Amino acid sequence: MSEGSTAALLTFAGYTLSVFVLAILSNRVGKGKDFVGEYFLGSRSFGVWAFALTFAATNASGGSFTGFPALIYTHGWTLALWIAAYMVMPLVSMALIGKRMNQIARKTNALTIPEVLRARFDSSAVGLVATSLLIFFMFFYLLAQFKAGGIILSTLFSDEPLFQSAVSFVRQTTMNIPWVNQAEPDYLLCLILFAGAVIVYVVYGGFRAVVWTDVMQGIVMFIGVILMLGMALWQVGGLEAATRKLEKMIPPEHGTAILSTASASNVDQTYAKGTWLFDSGNVFRLGELATISKGKSSTEPVKILKITTPFEIEELNSKRESGRIADTGLRVKETKREAYEYGAGQTGTYVSNPGPDSANELGFLAVGTAISFFIFWPFAATGQPSNMVRLLSFKDTRTLRYSIVTVAIYYSIIYFALIIIFCCARVLMPGMEIAPDQTMPAFAAQLTQDAGIPWLAGLLVAAPFAAVMSSVDSFLLVVSSAVVRDIYQQHVDRQAPEKMIKILSYSVTVIVGVLAVLCVLNPPQYLQDLIVFATGGLAACFLIPMLLSLYWPRMTANATIAAMLGGTGMHMGLTCWGYLANKEFRAYSFLGVNPFIWDLVGSLAVALIVIAIGPKPNRDLVLKFFHDTSAGRG
Amino acid sequence: MVQKYAPPVDPVFESSLRELKWIFVIWLVHFVWVVGYCYAFGYLTPETALTTVIGMPSWVFWGVFVPWISATVVSTWFALTQIEDHDLPDALPATVANKSDTQIGSGS
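Just so you know, the protein sequences line up as chains B and E, in that order.
Each residue of the first sequence is one higher than the one before, starting from 1 at the first, in the numbering used here.
Each residue of the second sequence is one higher than the one before, starting from 1001 at the first, in the numbering used here.
Calculated from the structure, these hints are not laboratory results.
One thing to keep in mind: the hints can contain errors.
[Said to hold, decoys possible] Below, a list of computed lysine-lysine pairs in the BS3-like style, where the Cα atoms sit at most 25 Å apart: (1) K624/B <-> K1021/E; (2) K107/B <-> K616/B; (3) K107/B <-> K1021/E.
[What the hints assert, rightly or not] Have a look at the derived ranges for each label pair, beta carbon to beta carbon: (4) R554/B <-> V1025/E: 15 to 25 Å; (5) I226/B <-> P1046/E: 30 to 40 Å; (6) S158/B <-> D1085/E: 49 to 59 Å; (7) V1009/E <-> E184/B: 51 to 61 Å.
All values derive from a computational prediction rather than experimental measurement.
Backbone N, C-alpha and C define an ideal beta-carbon position, used for all residues, glycine too.
The task is simple: from the sequences and hints, build the whole structure.
Structural data, given as structure tokens:
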């Protein structure tokens, strides 16, 4: 791995350097232009490629390259149905509100989403509620993406000697610093590297740098996926071979076991997570670090994964015999076995719906869940402020039209390719159920190693890193623009000079970034659930109010506030219900329906009630936004 | 009773609203196709023999892959031929706009 790991380090260095070059260039381009408009929206000047790729890259967050591959690996072809709504997502999320929102933003000189809503109703209260909710939900999202960045980097560098030396230095330096010393030193170092790079280029280059780096990141993602697709199909012997092998696979069994040696050990012996274990023809994989202490001959019960597919067992045994996999010689005494709730002992589950599932007896994707996801993906994406704000930045409607085409083709290729790649991964790389989030980097390393080109792993792993980076930079800017534009400029000093706004914008971006880093030094246990909470919350809060504000003249300021609070309230209520019912930080699926749909229903219902009982909308505002006041009066 | 004069409807609003309705229709057609087909043919029983088309399970091919191509073609057609182009208003520099807002506010 050393060669591949050094290449990974060089790739990262080259990649970071390119990002800084882009930041410097965008800073030069932005000079002499209105600072606020340039820093937060790139002077609304982006053409097709820049606009399309920034939209695509921002939307394809780290989850597309960490969580999604893990799900494909664990559940098989059913993920094609799970993600199918991405086929209409570019059209829905860009064309549903893009042209109209851009028009209103230009008419009112709005640079942020709360500003669009505030201007639409000429109401500070609307702007303030929108800003508060946006900052609240967005911060959770930012935390999760920072954590993902730190983890991906530490995977990338794990075998690099220079990195290990730096980790030792960090451990020594931070061991007496409260709070900081609780973080794993390798994660801490990577988090600081990642956050430092992002904060510096966002502060220096603003929105334009974010967009330009998004373009580069979008290209890196595309190239990475295409290369992986080619190598995976070649190594598996074609898609037909992969599907036929998947058909024969049986879900593995999780459990615990006591590992033992023939005689007591003279020293502590440790076995890394992921070590293969062979005993009496059975094959297991170690799910955590195991130690046989000095003077003892066995471990405490440790997590293991038992491989159950006959051809995998045969292949792994043959690799052991040929010396390609080391044999520890340990005896394995199983103490607990946990079969999958759905699909245990069955073949064919990886090529059919609902897909195997270790925790859900209905399988991974019951038909009701499939329906919910076809609604959730495109409409939740439409309601994300980080996507909405991009719709304020295109320079003309032609750019929007051609960008929809570009993103539609881009997503078709990327997402379908990812499904195929990781179905191949399930066949070529057994036992990743012990750490499914590592599937992408592990498969990149295996593919390139087997192809005899380990240096390429660096480029392939740069794809998920690029995805995380392009999400973080956008969220950072959305949060800081909300503070500067929607709070300071609206409520503290409306006539603040440009110099003051400049200092404030830079400071807020840095402070938000540093705060996020401090929060994820010790990430909360349920961080993945927080991402779901934040995504759902943002869409619940903004989708219905924005749609009605843009398309319904009868919409009022009170109804907009009510809709935002109604969606948020429903989201929080269902999350609390989910916690009480299932002891999980996850919204409750009332009647089996995705909570997001209830959030939208709640938001819409409250808006309609307030419109029905409240005052009529201001006629001047209706004329301004729904009529062509520039047309002559005849 | 004298009716208040109302200028013509904003053309961007009008065309965006029409496009919004068609986008819902496109989404709905693909929703019914994908979920309907996969529900009927994608939940295989252990006794069902798996058939494949170009290497993928046939339910993926007809229920996801083909509609995905259809959605991409329709999105392309819709974006290139049905979404109307308009001249969007030029935005003032944000700082200038902010100041002029204030001046209007203080002046009224």
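Hints, verified against the model:
no.	hint	result
1	K624/B <-> K1021/E	holds, 23 Å
2	K107/B <-> K616/B	holds, 23 Å
3	K107/B <-> K1021/E	holds, 24 Å
4	R554/B <-> V1025/E: 15 to 25 Å	holds, 24 Å
5	I226/B <-> P1046/E: 30 to 40 Å	holds, 36 Å
6	S158/B <-> D1085/E: 49 to 59 Å	holds, 51 Å
7	V1009/E <-> E184/B: 51 to 61 Å	holds, 60 Å
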